[in-house]
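A.B. asks: Quick mapping for you: the protein sequence lines, in order, are chains A and B.
Under this note's numbering, the first residue of the first sequence carries the number 1, and numbering increases by one thereafter.
Under this note's numbering, the first residue of the second sequence carries the number 1001, and numbering increases by one thereafter.
Just so you know, these hints were derived from the structure itself, not from any lab.
Keep in mind that this is a model prediction, so the values were computed, not measured.
Any given hint might turn out to be false.
Here are the in silico distance ranges between beta carbons for each label pair [stated by the list, open to error]:
| # | chain 1 | residue 1 | chain 2 | residue 2 | range |
| --- | --- | --- | --- | --- | --- |
| 1 | A | His7 | B | Ser1018 | 14 to 24 Å |
| 2 | A | Glu87 | B | Ala1029 | 31 to 41 Å |
| 3 | B | Arg1051 | A | Gly53 | 24 to 34 Å |
| 4 | B | Thr1010 | A | Leu114 | 31 to 41 Å |
| 5 | A | Lys66 | B | Lys1042 | 32 to 42 Å |
| 6 | B | Gln1108 | A | Ser15 | 39 to 49 Å |
| 7 | A | Lys66 | B | Gly1041 | 33 to 43 Å |
| 8 | B | Gln1045 | A | Lys66 | 28 to 38 Å |
| 9 | B | Gly1016 | A | Lys55 | 46 to 56 Å |
| 10 | B | Glu1079 | A | Gly61 | 13 to 23 Å |
We put the beta carbon where it would ideally sit given N, CA and C, even for glycine.
So you can see what is in the structure, the chains are spelled out below.
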Amino acid sequence: GAVVSQHPSWVICKSGTSVKIECRSLDFQATTMFWYRQFPKQSLMLMATSNEGSKATYEQGVEKDKFLINHASLTLSTLTVTSAHPEDSSFYICSAAGRSQPQHFGDGTRLSIL
Amino acid sequence: GENVEQHPSTLSVQEGDSAVIKCTYSDSASNYFPWYKQELGKRPQLIIDIRSNVGEKKDQRIAVTLNKTAKHFSLHITETQPEDSAVYFCAASQTGGGNKLTFGTGTQLKVEL
Chain A
1 GAVVSQHPSW VICKSGTSVK IECRSLDFQA TTMFWYRQFP KQSLMLMATS
51 NEGSKATYEQ GVEKDKFLIN HASLTLSTLT VTSAHPEDSS FYICSAAGRS
101 QPQHFGDGTR LSIL
Chain B
1001 GENVEQHPST LSVQEGDSAV IKCTYSDSAS NYFPWYKQEL GKRPQLIIDI
1051 RSNVGEKKDQ RIAVTLNKTA KHFSLHITET QPEDSAVYFC AASQTGGGNK
1101 LTFGTGTQLK VEL
């Protein structure tokens, strides 16, 4: 149980384009989803927390207009990186938690901006 | 906010030996402490967790201990195997579930033959 699916797993795109990443909880209702960013050989840095049906809470230093988060249902959250630039290249990971569940992570999305 | 420190950053052991990774936290309100294993390029996987009403928890070769007074918790892996090689992260949060996790900086464990 507690499977979290993240898609796509790998994205390569040109600078200036927008990229949408999906995170789905497959077998439980995720009341809260989290979005992380991880640089090579570093820890996971929380970007934002989203609760179903409400606006995401962003961590300090994370631009909410650049990283758009939507959590429209109890099983789906999306992260859109708008007007992506090379410095946005990173490994993005989502996690999902139900009321009585610990956080379970998706497989991550490796984003490369050329 | 919460601050989690993790040591060592790298750990190399011989196959069959034990490995211990230690973490300290700063917020006395934290009461949920999970440990994640992450292999290169893959998702962090929850391997064990402990809540503050328990001092120790064990699952086969893996155990976690918690000292609330000192605000530190440790991961113990016995009879290490090459497949235990990975990066291990400790984390802390309040209650768990929908509350955000604060992660440690990670420990690269290498189990040598």
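A.B. asks: Of the numbered hints stated earlier in the document, which are not met by this structure?
C.D. replies: 1, 5, 6, 7, 10
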